[in-house]
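Per the working numbering, the very first residue in the sequence shown carries number 284; after that it's consecutive.
Among the hints, a few may not be true.
With beta-carbon atoms standing in for the labels, derived distance ranges [stated by the list, open to error]: (1) Gln307 to Glu334: 27 to 33 Å; (2) Trp319 to Leu340: 33 to 39 Å; (3) Glu334 to Ser291: 17 to 23 Å; (4) His303 to Leu329: 27 to 33 Å; (5) Arg305 to Glu334: 16 to 22 Å.
I should point out that these hints are in silico values taken from the structure, not numbers from a laboratory.
All of these numbers come straight from a predicted model, not from anything done at the bench.
All residues carry an ideal CB built from backbone N, CA and C; glycine is no exception.
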Amino acid sequence: MSASIAKSVRTSVILPQTAHIRVQALADANDVSAAWVIRAAVTQFLEEHGEETQLPLKLPKTMTKGVRP
284 MSASIAKSVR TSVILPQTAH IRVQALADAN DVSAAWVIRA AVTQFLEEHG
334 EETQLPLKLP KTMTKGVRP
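Using the sequences and the hints given, assemble the complete structure.
Written out as structure tokens, the structure reads:
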């Protein structure tokens, strides 16, 4: 077992249906799992934004802390 797998933590997210459909389509087209697509996206996002503490996103008002869309 590799070190990165041993240190992995399982989590879950709730996605809007349209986002889920797009993630699944990417996964299917590339013969990987939806989890792989999401892991790759999160990893890329974190690498691009380093140690920033402010989100570089304009979140919809429904995505504020503690509120689900």
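The hints, checked one at a time:
no.: 1; hint: Gln307 to Glu334: 27 to 33 Å; in the structure: holds, 32 Å
no.: 2; hint: Trp319 to Leu340: 33 to 39 Å; in the structure: violated, 22 Å
no.: 3; hint: Glu334 to Ser291: 17 to 23 Å; in the structure: holds, 21 Å
no.: 4; hint: His303 to Leu329: 27 to 33 Å; in the structure: violated, 21 Å
no.: 5; hint: Arg305 to Glu334: 16 to 22 Å; in the structure: violated, 29 Å
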